[in-house]
Amino acid sequence: MHNLLNYILWFPVLGMLGIVFIPGKQENTIRYWALLNTLITFGLTLVLYCKFDSTVGDMQSLFTINKPWIPSFHIFYALGVDGISLPMILLTALLFFLCILSSWTVGKSVKSYFALLLMLESTVFGVFMSLDFFLFYVYWEVMLLPMFFLIGIWGGENREYAAVKFFLYTFFGSILMLLGIIALYMVSGQTEESFNILALSGGKWSKEVLNIFGFSLPFAKIFFLAMFVGFAIKVPVFPFHTWLPHAHVQAPTAVSVILAGVLLKMGTYGFLRIAFPIFPEASIYFSSAIAWLGLINVIYGALCAMAQTDVKKLVAYSSVSHMGFVMLGLAAMTVQGMNGAVLQMFNHGTSTAMMFLLIGILYERSHHRWIVKPDGTKGFGGLYTQLPRYSIVFIIAMFASMGLPGLSGFISEALIFLGIYQKFTTITALALFGLLIGAAYLLWMFKRMFFGPVLDEVKKYNDMNAREIFYMVPLCVCVVVFGIFPSPLLNMMKASVGKLVSMLAGIHV
Amino acid sequence: MEYSICTIAPIVLLPFFAFVINAFIVKRFTNIAVAISCFSIFGSFLFAARIFNDFVFGVYSAGFHVHKVFTWFDISATGLPFKVDMGFYIDNMSATMLLMVTGVATLIHVFSTFYMHDDKRYGRFFVYLSLFTSAMLGLVLSDNLLSVFIFWELMGFCSYSLIGFYYEKEGAGDASIKAFMTTRVGDVFFLFGIVILWSVIGSVSFVEIYKAISAMKLQGLTVLGFPLATVAAASVFMGTVGKSAQVPLQVWLPDAMWGPTPCSALIHAATMVAAGVYLSLRMYPLMEAGHMMTVISYIGAITAFGAATIALIQTDIKAVLAFSTISQLGYMVMGIGVGAYNASFMHLITHAVFKACLFLAAGSVIHSLHDHHTHSHVQEMPRMGGLRKKLPFTFIAMMCCTLAIAGIPFFSGFVSKDRILGDALYMAMKHSSYIPVAVLGFGAALLTAFYMFRMMFLTFFGEPRDKELHDHCHHEHLSWNQNIPLLILTVFTLGGWYCGSIMGQPFGKIATERYEWFQTLIEKPDVAKFKDYYKDNLIGGKTRPSISTEKSVYDENGGLSEEQAHHVHHAHHLGAIFSVIIAFFGVFLAFLAYIRKAIDPGKIVNAFSGWSRALQNKYYFDHFYKKILIHKILLRLNNFLAWLDLGIYDRYVIDGTEKVNSYMFQFAKWFDNLWIDSILVDGTGASVRLFNVVLRTVQSGSIQFYFIVILAVLTGYIIAI
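Respectively, the protein sequence lines represent chains D and H. 3 is the number of the first residue of the first sequence in the numbering used here; add one for each residue after it. 8 is the number of the first residue of the second sequence in the numbering used here; add one for each residue after it.
To be clear, the hints were calculated from the coordinates, so they are not data collected in a lab. Each residue gets a CB set at the ideal place from its N, CA and C atoms; glycine is no exception. Treat the hints with caution; some may be incorrect.
What the hints assert, rightly or not - Short, incomplete list of chain H residues facing chain D, as computed with Cβ under 8 Å:
#, residue
1, 89
2, 233
3, 470
4, 652
5, 655
Full structure from sequences and hints, please.
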């Protein structure tokens, strides 16, 4: 049990190494191997969930690992899990398992594809588990490699551009984050705890002043901003969001799912784990700015989504809008808002993964994604009649994503609104319109694609097959069950979130 | 006697389980699924009837509440408590409402087995119907605004699905989006109201809200510069405006007629649209505290009158009924505004019964008229006429309901509408600002009588105008699922069921010691009573209602002083006389125009061509929303932003100038050619090569470049320090 995090973290790497020794011709062996590997990893995370003590807000001592890695620089191989990272770890393991299933039809160099997917899984786990700042950074960066190749090789027409853009964008953010890491290392006196995320937390740097080229600047605020940009690019927060539509449209289905389902959450996770705890007074100072940016995300993303004629781009912009809600919840720094934000991270992960998987299923049949083709004709029509099963799953995904009560999105959004209202009334009132536009673009898209008479082209499509149903069902269950009974998720996170909120509430600016 | 959770929960859970089961089996076992739906709703009717019986006949008396609570989730942190409780709340109003909803829904389920039988999605219709009824019942049983909102939205979803039921037709898709989006405008405000109340009170259960109002907690606070109580009340009322199709969000309801007729009967006439009124009645103390009454009465009166004028020129039988629904809902809202709490709720119930019956009868008519050329059913009244003999049972049912809605004495509509109008008249006599409300109210009554009888005369009387259609129509026989549900509903359009009195004076004892049971039982929520209400009557613990449980004594003056009561009675007598005269006058006009042909309606329409054009276009609301708000503003803004985002911002600001851009492409191309295509893709044969690639990639230019940048930053930083 003590090494459980190690197992979860390294098991996908083991799988990757295994793939290396399977001859590339045996494509099915590779697929089943990857599937088995992710399934076992998911099983391991479930063990983690069962052994998790939800009454403890701190890192779970049962699982914490802390070993010297590069002693001369006080860098540790430190892993841990608490109520904020556990939902993310579960989500990651589940989505990777389903993504392997959805990638069954990938035919282009199967071997490297699955090897890279498994490598990506391990790095994502690393980000969500690291307690050492340097380790966190390493995983954050290494994660770029498989992503870069996955988009750049298996993507659509414009894949090189999208991959490079994704890479450079994130890389720019990482530099700023690295700046912060080094600065903290210097300021904290290069001791054993200088890379320890937990030890750095708690607002110890509010008094520090940065003397740069003769100017005295508040240390905490400057480096909060540096970290903010680093994480905000990942979320993505307006105005750092433009890599997202490119990356999503070009990425293959499974990568889109991982990108929207998990990688975007790494940004908000960064706020929860690093930016807020380490620079609490700076985050309170900038909270209204964050809230305004979140509001812009919500409204701007939704308005942009409405104009899209490519359904994948539409869903990509809807992610911008939904992640805006998470930012609002974070900026609120109240119990309701923070819990809502973490819950929204999970719920958006499941619902948007459903959307991208469904679009992938459709793409395999149609080989295009136009709601309205560039020449002005209808891209789809009458899918409801032609693909009844597919349509029902699509309806569930769509209404979950627009926050229909009874499905998962509602509770998190309601909590976020409750949380943010206590701090920012105007923003709450404006953000509510995001709900309105959010429903509008989804329903409009649905109507144009699914209603009406069946197009000749559409008549050739087959409904979902057994494999496709098999990987959609777990997500449907998640979306419905957590919509009706959110307490399993909330119980998992509430102690840790509560601890963070209490800490922030105790800071006087 | 104490209710356990097992006697309340089945009301909402039976249809819900029916929905869950049917969702899976409906394709293979359609008939079983239909049977499950019908029996489950009948089961909840029995449970509801039991509760109603207990409340009306003495076991629980007026003023008594059953209130059970369970915790949905709890995210309290140290010193920061926050948990969400859900619960059941039953008082006389919800007991009555439960009986109405389950009763009407049962009959509509039965009727649907006739109407939808030949439809290819026969089973799926019942799946939606079950989900809808359970959501509606959940809403009625809710003890707090959050769960009201949850069920409220679920009903919106069902309504969306049922309006878009014939999704092959273009119009159905548009209508379903329109319905969902228009009501969602109201819902968003409603959610804002919930958030405001929750933040101030710390809970949104009805009891806590009443307590807070009685403790004057909402006073003196402001939101965005306005008094908090007003903002909260207005926001919650916007929910009603959306759901109950009041001006300016009334546009969705006429289009909702794209759905199958039984669902129009259940959702868009009898129950769901009434949920909005029900919410405002529940939140009546908040509306008072927020000084919203005048606004509410005006919105109601304008809606009642405006919709009635539009109904005058409709030729589609369902459209007439749709506009009459809007108009009647306007009456209910107006009733809330003028303080006719009890009458407004009574109109909700009576309207639900007769309007459900009207729609089912219309469905029966439509179903009988099958055009063999277009293979569709006919809804246009100009092609009907003389159906009285062919469809005798439908005719009887529809006639009784028309008498009820027109406000003819002895029928239910008269009893309830007259009391609303009486109160409006009283308010108008007291405050001059209410005079337009009363005038519009009486005007709408005249129009209602006219257009409803116009519909009756055009459909059932005179000579058949489409001979072929008429000949194809089969003679109606008494069948258990076509006209029996109609006739049962017809029985309840009689006024005596609701008042025990025809003209306002008690004529007999319905239940022991009670005159006019409806007026006695349904009272305005008295917030003062809730002052000492226990907060924590959790399930498992003993329910401890501390509200007075003595049977309330029927006060003939309704708590008013002798003199005030005299004025009220005076206004009511006057109102009754007025409305009877007006109703008969409306019927007479319709008789002249459509039976005697003494007046030519065509000439009148021509004479007022400007007005009739405005009516044809429903006062241009749709035009304004669709052409201007959506096409001219919203879609243009969207396209502009999307162009700005990727076309300008991303391209020039992020990617930089053309030069940088081209460098980036070159870099990408180089990287692509060198590393990706040539090695990774083409050379993955050997296992070792992948690792080679990874290793070499790490050593490659791009990554070196990347480390160089990191190093440069570091050096710069260290120098700076």
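Under the constraints set out in the numbered hints, which ones does this structure not fulfil? When the structure is compared with the hints, numbers 2, 3 and 5 turn out to be violated.
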